[in-house]
Amino acid sequence: MSTTSPAMTAPEAGPAETAVELIGITKRFGAFVANEDVNLIVKRGEIHAIIGENGAGKTTLMNILFGLLQPDQGTIRLNGQDMVVGDPATAISAGLGMVHQHFKLVPSLSVADNVFLGMEIRRNGLIDHTAQIEKTRELSERFGLKVDPEERVSLLSVGIEQRIEILKVLARGARTIILDEPTAVLTPQESRELFQTLRGFVAGGMTVIFISHHLEEVIEVSDTVTVLRHGKHVATGPTSELTKADMVRMMVGRDVSFDRRPREKSDGKVVLDVKNLWARDDRRLPALRDASFTVRSGEVVGIAGVAGNGQTELAEVLAGLRPASHGSAMLKGRDLTVLSTSEIREAGLAHVPGDRLVRGVDGNASISSNLLMGRQDKAPWSRKGILDWRAAATQTVEMIKRFDIRARGPEDTVKRLSGGNIQKVVLAREFTNEADFLLIDQPTRGVDIGAQESIHDEIMRQRAAGRAVLVISVQLDELLTLADRILVMFNGRIMGEVEGGSADSERIGMMMAGLEPKNVSDEVAS
Amino acid sequence: MEILSLFNVALLVATLRMTAPILLVALGGSFTTKAGIFNIGLEGQMLVGAFFAVLGSIWSGSALVGVACGVAAALVFALAFAVLVVSFRANEVVVGLALNILAGGMTISLMKAIFGTRGSIVGKGIVGLPKVQIPGARDILGSWAPLINGFTPMVYVAFIAVPLLVLFYKRTRLGLYIRVVGEKPEAAEALGISITRVRYIASLLCGLLAGLAGAHLSLGYITMFTENMSSGRGFMAVAILIFSNGNPLKVLAGCLLFGFADAFSLRLQTFGFPSYLILAVPYLVALTALFALSYRSRPKIIRETLESMRKLLSVDNKPAEFGK
Ligand SMILES: Nc1ncnc2c1ncn2[C@@H]1O[C@H](COP(=O)(O)OP(=O)(O)OP(=O)(O)O)[C@@H](O)[C@H]1O
Ligand SMILES: [Mg+2]
Numbered sequence: 001m002s003t004t005s006p007a008m009t010a011p012e013a014g015p016a017e018t019a020v021e022l023i024g025i026t027k028r029f030g031a032f033v034a035n036e037d038v039n040l041i042v043k044r045g046e047i048h049a050i051i052g053e054n055g056a057g058k059t060t061l062m063n064i065l066f067g068l069l070q071p072d073q074g075t076i077r078l079n080g081q082d083m084v085v086g087d088p089a090t091a092i093s094a095g096l097g098m099v100h101q102h103f104k105l106v107p108s109l110s111v112a113d114n115v116f117l118g119m120e121i122r123r124n125g126l127i128d129h130t131a132q133i134e135k136t137r138e139l140s141e142r143f144g145l146k147v148d149p150e151e152r153v154s155l156l157s158v159g160i161e162q163r164i165e166i167l168k169v170l171a172r173g174a175r176t177i178i179l180d181e182p183t184a185v186l187t188p189q190e191s192r193e194l195f196q197t198l199r200g201f202v203a204g205g206m207t208v209i210f211i212s213h214h215l216e217e218v219i220e221v222s223d224t225v226t227v228l229r230h231g232k233h234v235a236t237g238p239t240s241e242l243t244k245a246d247m248v249r250m251m252v253g254r255d256v257s258f259d260r261r262p263r264e265k266s267d268g269k270v271v272l273d274v275k276n277l278w279a280r281d282d283r284r285l286p287a288l289r290d291a292s293f294t295v296r297s298g299e300v301v302g303i304a305g306v307a308g309n310g311q312t313e314l315a316e317v318l319a320g321l322r323p324a325s326h327g328s329a330m331l332k333g334r335d336l337t338v339l340s341t342s343e344i345r346e347a348g349l350a351h352v353p354g355d356r357l358v359r360g361v362d363g364n365a366s367i368s369s370n371l372l373m374g375r376q377d378k379a380p381w382s383r384k385g386i387l388d389w390r391a392a393a394t395q396t397v398e399m400i401k402r403f404d405i406r407a408r409g410p411e412d413t414v415k416r417l418s419g420g421n422i423q424k425v426v427l428a429r430e431f432t433n434e435a436d437f438l439l440i441d442q443p444t445r446g447v448d449i450g451a452q453e454s455i456h457d458e459i460m461r462q463r464a465a466g467r468a469v470l471v472i473s474v475q476l477d478e479l480l481t482l483a484d485r486i487l488v489m490f491n492g493r494i495m496g497e498v499e500g501g502s503a504d505s506e507r508i509g510m511m512m513a514g515l516e517p518k519n520v521s522d523e524v525a526s
Numbered sequence: 001m002e003i004l005s006l007f008n009v010a011l012l013v014a015t016l017r018m019t020a021p022i023l024l025v026a027l028g029g030s031f032t033t034k035a036g037i038f039n040i041g042l043e044g045q046m047l048v049g050a051f052f053a054v055l056g057s058i059w060s061g062s063a064l065v066g067v068a069c070g071v072a073a074a075l076v077f078a079l080a081f082a083v084l085v086v087s088f089r090a091n092e093v094v095v096g097l098a099l100n101i102l103a104g105g106m107t108i109s110l111m112k113a114i115f116g117t118r119g120s121i122v123g124k125g126i127v128g129l130p131k132v133q134i135p136g137a138r139d140i141l142g143s144w145a146p147l148i149n150g151f152t153p154m155v156y157v158a159f160i161a162v163p164l165l166v167l168f169y170k171r172t173r174l175g176l177y178i179r180v181v182g183e184k185p186e187a188a189e190a191l192g193i194s195i196t197r198v199r200y201i202a203s204l205l206c207g208l209l210a211g212l213a214g215a216h217l218s219l220g221y222i223t224m225f226t227e228n229m230s231s232g233r234g235f236m237a238v239a240i241l242i243f244s245n246g247n248p249l250k251v252l253a254g255c256l257l258f259g260f261a262d263a264f265s266l267r268l269q270t271f272g273f274p275s276y277l278i279l280a281v282p283y284l285v286a287l288t289a290l291f292a293l294s295y296r297s298r299p300k301i302i303r304e305t306l307e308s309m310r311k312l313l314s315v316d317n318k319p320a321e322f323g324k
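Chains as they are written, first to last, in UniProt numbering: chain U, 1 to 526; chain F, 1 to 324.
Calculated from the structure, these hints are not laboratory results. There may be inaccurate statements among the hints.
To be verified - If you only want the chain F side, here are some residues facing chain U, beta carbon under 8 Å, derived: (1) T172; (2) R173; (3) E183; (4) K184; (5) L191; (6) G192.
In this text the structure is predicted, and so the values were computed from the model without any measurement. For glycine and all other residues, C-beta sits at the position ideal for the given N, C-alpha and C.
Whole structure, please, built from the sequences with the hints as guidance.
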């Protein structure tokens, strides 16, 4: 175990106050080593962050702890006792609970049904829904996780889905809670609420382990940090003794810059012209209200806003996944609102959806099949309507290299990749499409810091190549580094616009909260 | 006068009677549909159910034993389906079709081997199911009594099964797990629910009801077996299942529609319309209605299907452009 910073102390704790000890864990997938001799000691009552690049083995390590995977070597000690965690049931009975990176809720069931799934409360052999609803309400009040137990999950936002996942874990009596990238899908506001909840947990003597790519929040909320790199343990130490730059260096092995990208002013032709666009959400309520804006060639326009203020609907309308109820969106003279998804792609749209597992990839297919999707009838992928698998394979290998997708090979199943690497597969496919208009929803969700930088580089390269780029992000920092102009959305409306360079985060913050109504600058209307 | 006499109590009674077999088999399919299995093998399960019900009835002289034999045969088919599809992960459509073809061929050759006939088994001591007489029905309902009285037992079983299934999916653990396995298998897995086990159970429950449906065909109103006597009801059930997504109430609605069209066409026949045309009526009515119903909920899928068909056709027309 190497220690790279003087601030690091050897992790040492008496058995009584350790909640979790992983000693010398090694896990191989075939010839690939996902975890190599990793040690992790988590003290009771602390918030312990685990950081590392995409594919560093964070999720794998947690899956081993939770009994979803079996280690090839190593010992697991829970509450000071050696354990063989053969399956999640063992882990749960030892007081562990895990909230996965990708949620596992059943959309058509109610919140209470989901919370009690697998441990239903029954009376006379029948499921007692009333009792389940009551119990869920109790739990939700006790831990300050606000939910309506009777609501159907399919109608809820991701933030609330996460609360349900946490409630599920609490209902099973967990004392140590593992959260895998809990904030990747949350708005800043929801993240703050989550942190408050987590603080409450540890104050009550519980233990929290959480994985994150957002170093600010690691610094803000955690007591101890463990860094993994290429499957190996790099360091463990108190958070207060580390700066963001230290962490980045330990994770990536070099310095990473997050300054605003230098650029030349561009004044290309208008590629996308959105006029008075309206749309409804799944509950048929207006979710996008009268949006008008343009995106020019060689320009990156950012859409800021707290998630759930119409950004998703805007992206879906532009991608042809949701009908517009009024207005038009002209892409080089063709109205996207009347075209089908495939016609929209032909018209020149590349789309990186916000929910990569649902709309971005086919998880069960290989990387090469996923990269092939949508161009199965274009050269060099196919000739005379027949797929050229050899050409496709060369293309795939090239794209894997260019986008630094960490996989064993082009035939690797996408589902097996780490979260961040799945995102890279989507980006690789869409960015190489030569489309005039790039619609990117949450470009770096779940992506590590090194890869964030390279994705930002890639977006700037697309800009330089004259593409029109629309970036939707809940990460304001990201928009400040990338965008030429930032539009702020609130409650379905575009509240206003700020220049990227002179960006005034305070003003943006006010507009995100819905405070500066009807102050749309002239450019927006044009 | 002529037209009015088309609609009467007899037509309603016939509707219920015609609905029963397809309702039974479709409710069986609801288990597999909800568990996330596309079960196209309903037709075959129903057919072997009908055949072995007749065999059992002849051999034992008891209709009840006949029904048990029919169910057992359908269960064997359902088990074979589950082994291939769930355990060996074979393609559902291929396995379903193969089992359907096997059922058709097997019943014909067994008929030849055992009875030395082709076409149908009639008489030979087949004991049919008795009609159920509900005491007092006639006194209370008068001429409406046939609506609830005098059906063979499977008709009652079919209609009572509908609310039971609603309850099953809502309030029992198994019903809940079947839904979860179909809708979000990874959630089931994470909670330690065995997907394989649940899918096996669903397949067997399906076989049970399909077998009952088959027995009803051959021991219900007519006591005979004819080649291919399920005559596409299993496939209609599959269609209804696709549109209803396995929801028991919607299944009932779809089946009633089919049953009504079936009864209506029989009635038209007695009025002297050409029978071949009329035999197609129930299928046309049911399909059209189902299509219309589903168009509202899934316009997008249908639009996209049409579009891709158009594309395919235009590719055929302009092959030169294809390789550019
Ligand atoms: N079931 C599996 N089979 C094969 N390889 C796997 C499997 N699970 C994970 N891997 C590989 O192990 C490596 C570590 O994956 P892991 O999911 O632990 O990364 P991570 O640190 O959680 O990354 P991210 O931040 O992107 O989520 C990855 O390269 C991944 O492709
Ligand atoms: Mg991960």
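query = Regarding the hint that L191/F lies at the interface with chain U, is the smallest CB-CB distance below 8 Å?
reply = Holds: closest Cβ of chain U sits about 4 Å from L191/F, inside 8 Å.
Hint validity - R173/F Cβ closer than 8 Å to any chain U Cβ = OK, holds: R173/F within 8 Å of chain U, min 6 Å.
ask   = Regarding the hint that K184/F lies at the interface with chain U, is the smallest CB-CB distance below 8 Å?
value = holds, 5 Å
key: Hint check: 8 Å Cβ-Cβ cutoff, T172/F to chain U   = holds, 6 Å
inquiry  = Does G192/F hold up as a contact with chain U if the rule is Cβ-Cβ below 8 Å?
reply    = Interface hint status for G192/F: holds (6 Å vs cutoff 8 Å).
query = Can we keep the E183/F interface hint, with Cβ of chain U closer than 8 Å?
reply = holds, 6 Å
When held up to the earlier numbered hints, the structure conflicts with none and fits them all.
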